[in-house]
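Please assemble the complex out of the two chains, which come individually in their own frames, going by the hints.
Top to bottom, those sequences are chains R and S. Just so we're aligned, residue 1 is where the first sequence starts under this note's numbering, counting upward by one. Just so we're aligned, residue 1 is where the second sequence starts under this note's numbering, counting upward by one.
If you are wondering where the hints come from, they were derived from the structure by calculation, not from laboratory data. Glycine included, each C-beta is placed from N, C-alpha and C at the ideal position. Incorrect hints may have been included.
Over the 12 Å line for every Cβ pair with chain R, so calculated as not near, a few chain S residues [as the list claims (entries may be wrong)]: (1) R56; (2) G66; (3) N74; (4) D89; (5) T91; (6) R93; (7) L103; (8) A115; (9) N127; (10) S130; (11) P148; (12) F157; (13) G158; (14) D160; (15) A204; (16) E208.
Label-pair restraints from in silico Cβ distances [unchecked claim]: (17) S:S190 with R:G79: 31 to 39 Å; (18) S:R85 with R:Q66: 42 to 50 Å; (19) S:T9 with R:G79: 41 to 49 Å; (20) R:F106 with S:S30: 40 to 48 Å; (21) R:L124 with S:R209: 41 to 49 Å; (22) R:L124 with S:M4: 53 to 61 Å; (23) R:P117 with S:S215: 32 to 40 Å.
Counterexamples of contact, computed for chain R against chain S with all Cβ distances above 12 Å [unchecked claim]: (24) T85; (25) M110; (26) L123.
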Amino acid sequence: MHLEQRDVGSFRFLLDLSQPIYEQIVQQLSGAIARGDLDLGAKIPSVRELAQGLRAAPNTVVHAYQELEREGLIETRRGQGTFVTTSATVIHEFRAKLAQTLLNQFLQQMERLGFSPDDVRHLLREYPKEGDRT
Amino acid sequence: MTNMAVTCTDVSKRYGNRMALNGLTLEIPSGGIVGILGPNGSGKSTLFRTLMGITRPDSGNISVLGSVPGWETNAKIAYLPDRARWYADHTVRKALDWGSSLLPNFDRSRALALAHEMNLDLGQSVNGMSRGTEARLMLILCLARQVPLMILDEPFFGIDLISREKIIDALVASATEQETTVLLSTHEISDTESLFDYAVFLRAGRVERQGNADSLRSQYGSMRDIMRNLFQEEVTSQ
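This is chain S alone, in the form it adopts within the complex (with noise of 0.2 Å):
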C-alpha cells in the first residue's frame, strides 16, 4: 500500500443549512505538489481547517500523517489559512522570530534565506505590508519549516506576478530539497497547473475528479480544461 499523507471517509460539515463538505472521500499520497481545485465554496478551506483541527467535521472520519487531526498532527503540518493576523508592533524580521520561537522544526536561518531570495526587507513594519509582501512572509513561515506536510490555502491571492514567480520559485526549490507532500488551493490555475502531480477536484463538497495530474492530462486534456468541463457554470457565473 502507498503510503497516504491524507485519508478521508465520508466527511460532512454543515454550517447553518449549507453543506460545506458533504460526504467528502479523498486519498492523497505522500510526496509531491497536490493541487486542491474547485470553484468558491466547494469546500477547499474548510477541508483543510478539517485537516488542521480547527474544524471538526459532524460525521466521517478524517486522516493525517497516520493520525486523527490535532495538536500531534499540526506540529508536522505548515498551514497558510486563508487569512492572517499580525502583532501590530512586529517588523518582518520579528516575525520570523517569532516563527522560530513557536513553530515546531522552524529553521531560522532558512527563513532569512528565504527572505533573502524573496527581496523581504527585514526592518519593515508588518503593519501596512502589501498583500504581496504579506503574502512572502506567510509562505516562508511555512517553506522554512522542516516538515511532511504543506497546507497552502490560496498562496497566490491578490499578489501581483512578480511575487507570484518569487514564491513558485521558493515552492519548487523546497520540495526539491525536502520529502514534503504539499497541497495547494489557488484561483491562478494558468500559472501554475504545471506544477501538480497529483489533483482533487472539488465541487459543492465532495470530490468530483482526483488522480495522477499526468494521467488526468492524457485523459481529461489540462487542469484548465478539467476545471473549465467540470464547473462551467459555476465558472461562469462568477
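Here chain R stands alone, though its shape is the one from the complex (with noise of 0.2 Å):
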C-alpha cells in the first residue's frame, strides 16, 4: 500500500491510490469533524480547493459533498461556501453511528474466534482500566 500525503489548507489527507478516492474523501472529512478536528460551523473547502490539492476529479469530490450533505455533516450555502454542520446534535448522532459500526465489526471479529457478546462484555469486564495500564 503507497499513501500519498496531499495538504489542503490546514487539512492533512492521505490519500491511497489503489483505493476508490471518493470513499477516502468522505472518510477522512467526516472522521475529522467526528473526531472535533474540524470545528461546529468550519468552512471547509470548496469543491475547486479540495480537488486542485488532492489532484482529484472535481466530480469526484462533488460526489463526497454529496453524500456529506446527506448525512448532514456538512451544508453548502449559496455564494458563501461549505460549512461544517452548526447542530451539535447531528454530530453527536453520527458520532454514536460511528462507534455502533466498530463495536458491530469487532464484535464479528470476535464471533469467528469463538467469543460470544457476553464472553466479550466478560472480557471487557476484566480489561485493565486506563491508569492501570502500563
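Right, here's the structure in full:
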C-alpha cells in the first residue's frame, strides 16, 4: 500500500491510490468532523480547492460532498461556501453511529474467534482501566 | 442511457503493415476527466486524430458528441496535439489573439487570466520557448474555450514539475467551472492518476480495460498497478 500525503489548507489527507478516492474523501472528512478536528460551523475547502489540493477529479469531490450533505455533516450556503454543520446533535448522532459500526465489526471478529457478546462483556470488565495499564 | 461523449465500434487503421488501431471498441461517458493510458504505440494519438477527423479509419464507426467527426464536431472540441507549430513572428500575446480570432468559443479574457495564473510572459516570442512554456501556452489555447470536449495528447510531456503542477491546477479549475469531458493521455501517471474519474487502457490498438476509475481502483488497485500488470513487457522494454 502506498499512501500519498496531500495538504489542503490546514487539512492533511492521506490518499491511497489503490482505493476508491471518493470513499477516502468521505471517510477522512467525516472522521475529522466526528473527532472535532473541524469545529462546528467551520468553513471547509470549496470543491475547486479540494480537487486542486488532492489532484482529484472535481466530480469525485462533488459526489463526496453530496454524501456528506446527505449525512447532514456539512451544508452548502449559496454564494458563501461549504461549512461543517452547526448542529452538535447531528455530530453526536453521527459519532454514535460510527461507534456502533466499529462495535459491530469488533463483535463480528470476536465471534469468528468463538467469543460470544457475553464473553466480550466479561473480557471488557476484566480489561485494565486506563490508569492501570502500563 | 447515459450520454456518451465518444463511441467507437470496431475501429481499425493500418499504416503500412502496422495496425495503429485494431478493432477498437470504446464508450466514454460525458463529463469528468478520462485517462487514456497505454505504452508507446498503443494507439492513443491515432485514436485522438480519428476523433478529430484528421485521420480516417479504414473501417468501423466513430461518434463524437453524437455525430461523425468533422468540422462541425471540431468546433466543439479543444484539441492539444502531440506536437505544435507556431508562427515564427508571434509573441505569446499574438498567439492568444490568433486563438481568439480563429478558435470557436474562445474566451480571450479567460486566456489572459490563465496566462497570468500560469506565469506566462505575454511579450515573449514563441520562437525559442522552453518546453514548459510551450506546453502551458498550448494548454491555455484549449482551456480558454467553452467546449463540451477537450482532447489533450500528452500535455505533460517533457515538462518540469512546477509547470506540471500549474497545468494540473488549471485543468482541475476548468473542469470545476464547466461541464466538459476531458480526454487526457499521459506517461506521467504517478502525478495524474488521482485526477481520473474514468480510465481506458489501450494496447496494440485495442481497449484492454476501461471503466469508472474508482471501480477499477477497488477491483485492481492503482492506475499504475494496472499499467504494470497489463503492460509489463512493454513498459520494462522501453
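Verification of the supplied hints:
Listed as outside the interface, R56 (chain S) is consistent with that label: its C-beta sits roughly 32 Å from the nearest C-beta of chain R, beyond the 12 Å cut-off. With a least CB separation of 21 Å from chain R, G66 (chain S) remains clear of the 12 Å interface cut-off, as annotated. Every Cβ of chain R is farther than 12 Å from the Cβ of N74 (chain S); the closest lies at roughly 25 Å, confirming the non-interface assignment. In this structure D89 (chain S) is separated from chain R by more than 12 Å, as the shortest Cβ-Cβ distance comes to about 36 Å.
Chain R leaves T91 (chain S) outside its interface by the beta-carbon criterion, the shortest separation being 29 Å against a cut-off of 12 Å. At the 12 Å boundary, the C-beta of R93 (chain S) stays outside the reach of chain R, the nearest C-beta of that chain being 27 Å off. No Cβ of chain R comes within 12 Å of the Cβ of L103 (chain S); the nearest lies about 24 Å off, and the non-interface call holds. Here A115 (chain S) stays apart from chain R, with its beta-carbon at least about 18 Å from theirs, past the 12 Å limit.
Distance to chain R confirms N127 (chain S) as a non-interface residue, since its nearest Cβ pair spans about 32 Å, more than 12 Å. Distance to chain R confirms S130 (chain S) as a non-interface residue, since its nearest Cβ pair spans about 23 Å, more than 12 Å. Even its closest Cβ contact with chain R, about 15 Å, leaves P148 (chain S) beyond 12 Å, as expected for a residue assigned away from the interface. Every CB of chain R lies more than 12 Å from the CB of F157 (chain S), the least distance being 18 Å, so the non-interface label holds.
Residue-level check passed: G158 (chain S) sits 20 Å from the nearest beta carbon of chain R, beyond 12 Å. Against the 12 Å criterion, D160 (chain S) stays outside the reach of chain R, whose nearest CB is about 17 Å from its own CB. For A204 (chain S), the condition that its CB be more than 12 Å from all CB atoms of chain R holds, with the nearest at approximately 26 Å. Residue placement check: E208 (chain S) keeps its beta carbon more than 12 Å from all beta carbons of chain R (closest about 19 Å).
Checked against the given bound of 31 to 39 Å, the beta carbons of S190 (chain S) and G79 (chain R), roughly 37 Å apart, stay inside it. Against the hinted window of 42 to 50 Å, the Cβ-Cβ separation of R85 (chain S) and Q66 (chain R) comes to about 44 Å, which satisfies the hint. As the Cβ distance of T9 (chain S) to G79 (chain R) is approximately 45 Å, the hint placing it in 41 to 49 Å holds. The hinted range of 40 to 48 Å is satisfied by F106 (chain R) and S30 (chain S), whose Cβ atoms lie roughly 43 Å apart.
For L124 (chain R) and R209 (chain S), the Cβ-Cβ distance of about 47 Å falls inside the hinted range of 41 to 49 Å, so the restraint holds. In this structure the hint that L124 (chain R) and M4 (chain S) lie 53 to 61 Å apart at CB holds, the actual value being about 55 Å. Under the hint 32 to 40 Å, the C-beta atoms of P117 (chain R) and S215 (chain S), about 36 Å apart, fit the expected range. Separation of T85 (chain R) from chain S is adequate, the least Cβ-Cβ distance of about 24 Å exceeding the 12 Å criterion.
Taking the minimum C-beta to C-beta distance to chain S, about 27 Å, the non-interface status of M110 (chain R) holds against the 12 Å cut. Even its closest Cβ contact with chain S, about 34 Å, leaves L123 (chain R) beyond 12 Å, as expected for a residue assigned away from the interface.
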